[in-house]
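*Asks:* Following the hints, complete the assembly by docking chains X and R onto the known chain L.
Protein chains in written order, with my numbering: chain L, 1 to 101; chain X, 1 to 123; chain R, 1 to 508.
Take the hints with a grain of salt, since some may be wrong.
[Claimed, not checked] Lysine to any residue pairs mimicking SDA-like chemistry, simulated, CA-CA at most 20 Å apart:
{"hint": "1", "chain 1": "R", "residue 1": "K449", "chain 2": "R", "residue 2": "P409"}
{"hint": "2", "chain 1": "R", "residue 1": "K115", "chain 2": "R", "residue 2": "L168"}
{"hint": "3", "chain 1": "R", "residue 1": "K427", "chain 2": "X", "residue 2": "I114"}
{"hint": "4", "chain 1": "X", "residue 1": "K117", "chain 2": "R", "residue 2": "N64"}
{"hint": "5", "chain 1": "R", "residue 1": "K377", "chain 2": "R", "residue 2": "T166"}
{"hint": "6", "chain 1": "R", "residue 1": "K377", "chain 2": "R", "residue 2": "K469"}
{"hint": "7", "chain 1": "R", "residue 1": "K120", "chain 2": "X", "residue 2": "I112"}
{"hint": "8", "chain 1": "X", "residue 1": "K116", "chain 2": "R", "residue 2": "L31"}
{"hint": "9", "chain 1": "R", "residue 1": "K115", "chain 2": "R", "residue 2": "L221"}
{"hint": "10", "chain 1": "R", "residue 1": "K449", "chain 2": "R", "residue 2": "A460"}
{"hint": "11", "chain 1": "R", "residue 1": "K120", "chain 2": "X", "residue 2": "K85"}
{"hint": "12", "chain 1": "X", "residue 1": "K117", "chain 2": "R", "residue 2": "W42"}
{"hint": "13", "chain 1": "R", "residue 1": "K496", "chain 2": "R", "residue 2": "L34"}
{"hint": "14", "chain 1": "X", "residue 1": "K116", "chain 2": "R", "residue 2": "L34"}
{"hint": "15", "chain 1": "R", "residue 1": "K377", "chain 2": "R", "residue 2": "K496"}
{"hint": "16", "chain 1": "X", "residue 1": "K116", "chain 2": "R", "residue 2": "R165"}
{"hint": "17", "chain 1": "X", "residue 1": "K85", "chain 2": "R", "residue 2": "A460"}
{"hint": "18", "chain 1": "R", "residue 1": "K377", "chain 2": "R", "residue 2": "S466"}
{"hint": "19", "chain 1": "R", "residue 1": "K449", "chain 2": "R", "residue 2": "L316"}
{"hint": "20", "chain 1": "R", "residue 1": "K496", "chain 2": "R", "residue 2": "L168"}
{"hint": "21", "chain 1": "R", "residue 1": "K115", "chain 2": "R", "residue 2": "K377"}
{"hint": "22", "chain 1": "X", "residue 1": "K117", "chain 2": "R", "residue 2": "T166"}
{"hint": "23", "chain 1": "X", "residue 1": "K85", "chain 2": "L", "residue 2": "G57"}
{"hint": "24", "chain 1": "X", "residue 1": "K116", "chain 2": "L", "residue 2": "A79"}
{"hint": "25", "chain 1": "R", "residue 1": "K115", "chain 2": "R", "residue 2": "K496"}
{"hint": "26", "chain 1": "R", "residue 1": "K120", "chain 2": "L", "residue 2": "G57"}
{"hint": "27", "chain 1": "X", "residue 1": "K117", "chain 2": "R", "residue 2": "V43"}
{"hint": "28", "chain 1": "R", "residue 1": "K120", "chain 2": "R", "residue 2": "G79"}
{"hint": "29", "chain 1": "X", "residue 1": "K117", "chain 2": "R", "residue 2": "L31"}
{"hint": "30", "chain 1": "X", "residue 1": "K117", "chain 2": "R", "residue 2": "R165"}
{"hint": "31", "chain 1": "R", "residue 1": "K120", "chain 2": "L", "residue 2": "E83"}
Hints listed in this document are in silico derivations from the structure and should not be mistaken for laboratory results.
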Amino acid sequence: MEITLTHYLLLAAAIFVTGMVGFIVRRNAIVMLMCVELMLSSVNIVFAAFSRFHLDGGGHVFVLMNFAVAAAEAAIGLAILVEIFRRRRTVNVDDLKTLME
Amino acid sequence: MFEQFIPVLLVLLVAAAFAGLFLGLSSWLGPSRPSALKNSIYECGVPARGSTQIRFFVRFFLVALFFLLFDLEAVFLYPWVILYKGMLAAGHGMFALGEMGAFVAVLLVGFIYIWKKGGLEWQ
Amino acid sequence: MELNLNIPSWSDLRFWLPEAILCITFLVALLGDLVVRGRRTWVPFAVSVAGLITAGAYAVAAMNHGLDAGQFQGHTIMGSLMIVDGMAGFFRLLFIFASLVTVLFAWTSEEIMGKRRENKGEFYALTVLLTAAMMVMAEARDLLMLFLSMEAVGLISYVMAGYMRTSLRSSEASLKYVLFGAVSSAIMLYGMSLLYGMTGAMEFDGIRNALISGTVDPFALLVVVVLILAGMSYKIAAVPFHYWCPDVYEGAPTPVSAIFSVGPKAAGFALMIRFFYTTFAAGTDAGTQLVQDINWPLLVAVMSVATMTYGNLVALRQTNVKRMLAYSSIAHVGYLLMGFVLLSSAGLASILFYLLVYTLMNLGAFFYVVAINNHLKSEELSDYVGIGFRAPWAGAMMVIFLASLTGVPPFAGFVGKFYLFTAVLDKQWFWLAIVAALNSVVSLYYYFKVVRAMFLSTPAEGTDMSPLKLHWLQYVVLAMLAIPTLALGLFFEEFKGLADMAIGMMGG
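Chain L extracted, bound-state conformation (with noise of 0.2 Å):
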């Protein structure tokens, strides 16, 4: 079986979709900052894939600048992630409820 771009797009969309459900899903932020790593690791399994099928390197200068920004998107959350568990004891957005109508 010949692996072609559509397998990649496929894969890619799998772990879109699962990234996706889990953020809805779950109620822990620290999980649902993981599922958002999984929806931009998705999103860079399509370009890379894109980016062979043009033969142009775009795409892949896109997955560096992807990787930076998320790892800085990942670090911003856990910061203040910490802050308030220091002041909650507890990192389940359910329980955040200070700013409800």
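*Replies:* What follows is chains X and R alone, placed relative to chain L:
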């Protein structure tokens, strides 16, 4: 169809055979005199006490975050290194060096800021 | 595999001076914060004000030079990742102005400068960097730069929203912002990756050429457009991606909410205009045809109506002024989207003009809340009773801002809405205009509620009615916003002309 995966399969087979061979050899050749002490769980140092679900000191976390951020910047050094030779040949050497200098300088400012604000102190 | 190396050079910096100055200002302000210890951290403040003014001067000079030479169709810079054209020039000035007044006002804000706050310098440094990032958003002409600039604005915003680390509200707002921001940018990114796959191009004009050549499946394009639109409507807080907005605005320090309600939103619109206009619409029939294929007008019109109606209806039952202003800002995004329905240059120009007006009046309203919060430590409407008489001048200016937000003549908000309505009516979208007009009437009610509390309600017995002493800088900044809000209502043609020109001079 699956021909292209035959090398992978071969590697797996060789690895399994190798591991199996040495495990088998040691159990066949080695003496076996079990005792209560020997059958206890291997522990390096003192026996484990208390719960394993302790809270980590938040400093660990902070250092891990800084490591994550600064480590990832190395990703951008890699393509630069690859391209540098070509740019040097094309007469853009100073430009490439200057760009990387600016990049590192920004990182340096961030590092100094963390340092001065006490982010790296272990207190 | 070939890497198309379009090697930039330092001479590009000529066109990028304002942004470069702001980046350096950020670094200097950050280091300056370390050098000077003390209760009043004036160094970052002074550095950022100086940097913003210098950058503004250069931006004005660049705009004038471009207009004189009649060549503001744009210089592509940084290896064609960005373009500096008339539209970028317009937004540069808008962002620098908004940041400058925010920085000035924040100096007097207890929430930013209060005794117990740590890291006061960071606010100023981050605002400067946010300005630079927003300017790049208005200049991006490549998917990569679009993504990076949006993420830069996002990451800075997350930190700024959590500025009051000791306040749980602030941290919580920040967490919500990060979670929803991250997921929406991932969704947008997925759309972008598929678009790259379909067209094989990262640059907007390359995407456009590929789309026109007609090899793209309309259904696939619709999916991509919806995914990308989702990420962008998160940035501008349009329904159904608005849920973060009220929480973040309420939880963040008020000066930060003020800049959030204006800056990133305007930058989001700049990005949307450049991306969708240059890829789908710009002039030629083939492009416009693409828009018709996916029924773009209906998509945006529905979003626009949903956004303005939701914002206005929920704003009606708010008792917290800050939260009410957050919902009102959602409603205004709905009005702004009206100009986006037809992707016509008239509609886009009216968006630009309305953004200018909106910046003035919305910043003004938020700043008034800051000034009052310094004294009352509250944003509840019930605490605003009689506050108008305790600081009459500021109160009068707040009335101007609220009237303008409602869209009552002769204030600037009316002119802005007028242009938006005309753009829609020109193309016979009557129902959209009618819904928007009804919405404006609804909004009158809740804006008036604030005015009533401030001036007309009788305070309860024993309420403190002593005059409030506002910082002189607060009067200066409020006047800087109130006077243009009045003036733009009467002498608007000059600035409308500027907005028209900015759209006309948008390079591909």
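*Asks:* Name the hints, by number, that the structure is in violation of.
*Replies:* 3, 4, 9, 11, 13, 15, 17, 20, 25, 26 and 28
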